[in-house]
Amino acid sequence: MNLLPNSVKKLWRISGAATGAFLGLIVAGVLGAFINVMEFPEILYIALILPFAGGIALGVWWAGVKFRNWGWQITERWIEAKRGVLAHHRVVIPRNRIQTITTNSGPIDRMLDLETITVHTAGAGAPNLTIPHLGTATVREIRTALGQGVND
Amino acid sequence: MTDLPAGSSPPPHPFDQGAVPPPATAPPLSTPVTTPDASSAVPLDGPPTAIGEVPIGDVEWKRPHPYTLIIEFISSVRDLILPIIFIFMQGSGDSGSVLAEVLPMVAILLPVGFAVARYFTTRYALTDEALLHQFGVLKKSKQVLPRRNIQNLSTSAGLIARATNLVELTISDASQGGDITLRLLSNEDAESLMSLLRETSAAALVTPESADGQTLDGAADGFAPPSAAQVMDSDPIHTLDLGDLFKFRTVTSGGPVLAIVMIVGLVIAYFSFPDLADDLTFSSALFILGPLSAVLVPLLAPMLSLGGFRLWSDPDRLRIKTGLLTEVQVNARRERIQLVQVDRHVLAQRIGLESVKFETADVEQGGGQISFLAPAVASESWTTFASDALGEVELGEDDLQRVSPLTQRRSLVRFGSGGVPLVAALIAATIAAPGNNGFVVGLVSLIVMGLYVMFAMWFAARRARRLGWAVGHDQFLFRNGVVAEKLILVRKEKLQVLRISQSFFQRRLGLATLTLGTAGLGLLGLVSLPDLETETADRLLHELAEASAATPLARTL
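Protein sequence lines correspond, in order, to chains A and B.
Its first residue numbered 1, the first sequence is counted upward by one per residue in the numbering used here.
Its first residue numbered 1, the second sequence is counted upward by one per residue in the numbering used here.
Calculated from the structure, these hints are not laboratory results.
Do not take every clue at face value.
[Unchecked claim] Computed footprint of chain B on chain A, listed as stretches where at least three residues anywhere in the stretch have a Cβ under 8 Å from a Cβ of chain B:
{"hint": "1", "segment": "59-70"}
{"hint": "2", "segment": "90-101"}
[As the list claims (entries may be wrong)] Quick list of simulated restraints, FRET-style, between CB atoms:
{"hint": "3", "chain 1": "B", "residue 1": "GLN230", "chain 2": "A", "residue 2": "ASN69", "range": "55 to 61 Å"}
{"hint": "4", "chain 1": "B", "residue 1": "ARG539", "chain 2": "A", "residue 2": "LYS10", "range": "43 to 49 Å"}
{"hint": "5", "chain 1": "B", "residue 1": "LEU406", "chain 2": "A", "residue 2": "GLN73", "range": "26 to 32 Å"}
{"hint": "6", "chain 1": "A", "residue 1": "LEU25", "chain 2": "B", "residue 2": "THR121", "range": "55 to 61 Å"}
{"hint": "7", "chain 1": "B", "residue 1": "ARG78", "chain 2": "A", "residue 2": "GLY32", "range": "25 to 31 Å"}
{"hint": "8", "chain 1": "A", "residue 1": "THR116", "chain 2": "B", "residue 2": "VAL483", "range": "38 to 44 Å"}
{"hint": "9", "chain 1": "A", "residue 1": "GLY32", "chain 2": "B", "residue 2": "ARG402", "range": "49 to 55 Å"}
{"hint": "10", "chain 1": "A", "residue 1": "PHE34", "chain 2": "B", "residue 2": "VAL267", "range": "37 to 43 Å"}
{"hint": "11", "chain 1": "B", "residue 1": "ARG402", "chain 2": "A", "residue 2": "TYR45", "range": "43 to 49 Å"}
{"hint": "12", "chain 1": "A", "residue 1": "ASN36", "chain 2": "B", "residue 2": "LEU406", "range": "44 to 50 Å"}
{"hint": "13", "chain 1": "A", "residue 1": "THR116", "chain 2": "B", "residue 2": "ILE263", "range": "27 to 33 Å"}
Idealized CB from N, CA, C, for every residue including glycine.
Using the sequences and the hints, build the whole thing.
Encoded structure:
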């Protein structure tokens with residue numbers, strides 16, 4: 001299985017840390033209000049750093065595991081991707097079932113020269129296969145390999 | 001296998017260099033994969049390529065039947081109801097003025113004008129290559145549906161249409177939103193148009209990909225399938241017994257269970273909060289009306305849509321007519337059918353009834369009554385209908401292998417965690433009940449909890465006994481569900497996408513859920529089989545993916 005580019009690990013760690021910090025702040029706020037209402041000793045406010053720091057650590061760890069578990073490959077007959085931290089998912093789409101391939105990239109993706117590629121099949125009820133944050137050149141190769149990059 | 005390095009520029013893909021030849025049956029990788037449904041319906045000012053793909057010869061435009069004006073008038077009144085009410089109110093405010101004389105006329109003429117404009121801006125034409133449809137007063141639209149892309153033809157007729165012997169004809173492709181709906185045509189025009197479209201789309205089935213000596217339903221031999229009228233003049237192969245449907249819906253609609261739950265809930269609420277009950281004038285009518293409506297609505301609604309259900313089968317298609325008020329006609333080509341699903345409710349099994357459904361690649365036909373192949377038929381008769389839809393059925397329920405027995409344990413754990421809020425609510429209700437009422441509420445709560453435990457044990461044991469799968473040469477059969485059991489037969493070649501999922505708890509038990517996607521859009525389009533052993537799920541995924549990859553796309557839609 002191919003891994004995602006290393007730059008994705010950094011990107012996900014930064015966003016994981018930011019998300020963890022935000023959630024940690026909410027938990028710390030709730031705990032702070034509890035300490036205040038219950039009139040516990042003020043020294044306990046120092047402990048509020050724990051959910052904040054824990055949230056950041058959890059976010060960074062989660063991003064690392066998420067990166068390690070992401071994988072994709074194109075075989076002779078199908079394209080396959082696997083992902084997941086707690087729940088694991090693996091999607092296989094036979095190459096001759098591909099209807100459309102779309103790519104998109106946000107501002108940060110464009111700064112890092114990354115693109116997200118999505119493979120669609122017939123039937124809107126079927127799950128698509130999405131590989132996030134691949135290098136632009138890799139995306140072009142995939143499109144060509146899957147027969148949809150002729151006009152790139 | 002291709003291993004592109006992560007990150008920066010990868011080496012050229014082996015397939016581009018021809019290092020690994022593509023499978024013999026797959027389309028060439030150097031050309032875009034054909035998407036027959038793409039751009040089948042485009043706006044008038046859309047990209048020129050969409051229309052340019054379909055060479056259009058001489059066009060002879062036609063208009064809908066003049067009676068369409070009546071339908072358009074009703075639609076216009078409905079669409080313009082707010083402006084009409086506003087104009088009437090303005091006019092009635094000053095009875096002596098000229099405005100009061102003019103505005104009611106405007107209110108009447110507005111929908112009439114709109115209806116006339118709609119009628120005269122709507123036209124359709126059938127060329128050698130495509131069906132064209134133009135419509136719209138303010139926003140003009142043009143639809144181009146290549147004849148080779150046609151998946152399904154269906155007609156429907158409401159009360160007014162039936163009174164005037166007209167039908168609404170819907171021509172569908174495999175895309176979402178690509179349908180063309182022609183309203184209203186005379187029966188003769190609709191029949192003639194359907195006949196022409198059917199011949200072309202049948203011939204289109206003999207594509208280069210299917211020209212390997214096989215002809216599909218003899219289309220290449222110039223075989224002209226019988227028209228819908230010819231087929232429907234004969235006796236149907238299945239006619240729904242309304243009494244059976246009534247019995248079936250009585251036990252499967254969930255109404256009786258909902259009614260019992262509501263009655264128990266009202267009893268507990270009545271005894272736990274008698275003051276609140278008095279405030280709300282807790283009358284005996286509340287005990288009757290709530291459960292009664294919960295039973296009657298889901299019971300009677302399908303009677304209208306499925307009443308008069310008849311099924312015909314000809315060499316090319318399955319044809320269905322259904323509906324007591326609005327009659328819907330469906331013509332589903334067999335090659336387009338993705339899967340057949342048998343719905344077996346545990347209570348319906350007691351009265352010996354089940355329902356058989358099917359799904360085509362026409363994404364607009366995902367839900368509703370049109371997916372029924374045979375509603376409320378005798379149990380175990382599904383193979384007859386499945387063979388009508390999918391050809392010879394090569395697997396039976398005796399072939400099914402059970403999923404992992406660990407599914408029973410998993411089910412019990414889920415019931416255990418799901419029961420926590422129920423127990424908490426019952427305890428709270430018992431504590432909140434004043435005086436002697438606490439005894440009554442506590443007793444009812446104990447009974448409810450006992451029933452919950454018994455149901456959980458029955459459910460888990462039955463789940464382990466009933467979930468199963470079987471693989472044949474061309475077909476895959478599996479059974480899922482416990483109370484509302486589903487038996488699904490799918491052609492391997494119809495599979496579009498395959499997925500394995502493992503929740504955190506499934507991974508600890510070495511289990512996985514296999515999900516299969518076909519080109520259908522509706523609820524049946526995506527079907528899952530939970531709690532397979534991981535190795536079994538992997539093996540099935542590979543086997544089914546291989547079978548799917550070996551079939552050209554054109555034969556899978």
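Hints versus structure:
{"no.": "1", "hint": "59-70", "result": "violated (count 0)"}
{"no.": "2", "hint": "90-101", "result": "holds (count 11)"}
{"no.": "3", "hint": "B:GLN230 / A:ASN69: 55 to 61 Å", "result": "59 Å, holds"}
{"no.": "4", "hint": "B:ARG539 / A:LYS10: 43 to 49 Å", "result": "38 Å, violated"}
{"no.": "5", "hint": "B:LEU406 / A:GLN73: 26 to 32 Å", "result": "30 Å, holds"}
{"no.": "6", "hint": "A:LEU25 / B:THR121: 55 to 61 Å", "result": "59 Å, holds"}
{"no.": "7", "hint": "B:ARG78 / A:GLY32: 25 to 31 Å", "result": "57 Å, violated"}
{"no.": "8", "hint": "A:THR116 / B:VAL483: 38 to 44 Å", "result": "40 Å, holds"}
{"no.": "9", "hint": "A:GLY32 / B:ARG402: 49 to 55 Å", "result": "54 Å, holds"}
{"no.": "10", "hint": "A:PHE34 / B:VAL267: 37 to 43 Å", "result": "39 Å, holds"}
{"no.": "11", "hint": "B:ARG402 / A:TYR45: 43 to 49 Å", "result": "57 Å, violated"}
{"no.": "12", "hint": "A:ASN36 / B:LEU406: 44 to 50 Å", "result": "48 Å, holds"}
{"no.": "13", "hint": "A:THR116 / B:ILE263: 27 to 33 Å", "result": "52 Å, violated"}
Violated hints for the displayed structure, listed by number in ascending order: 1, 4, 7, 11 and 13.
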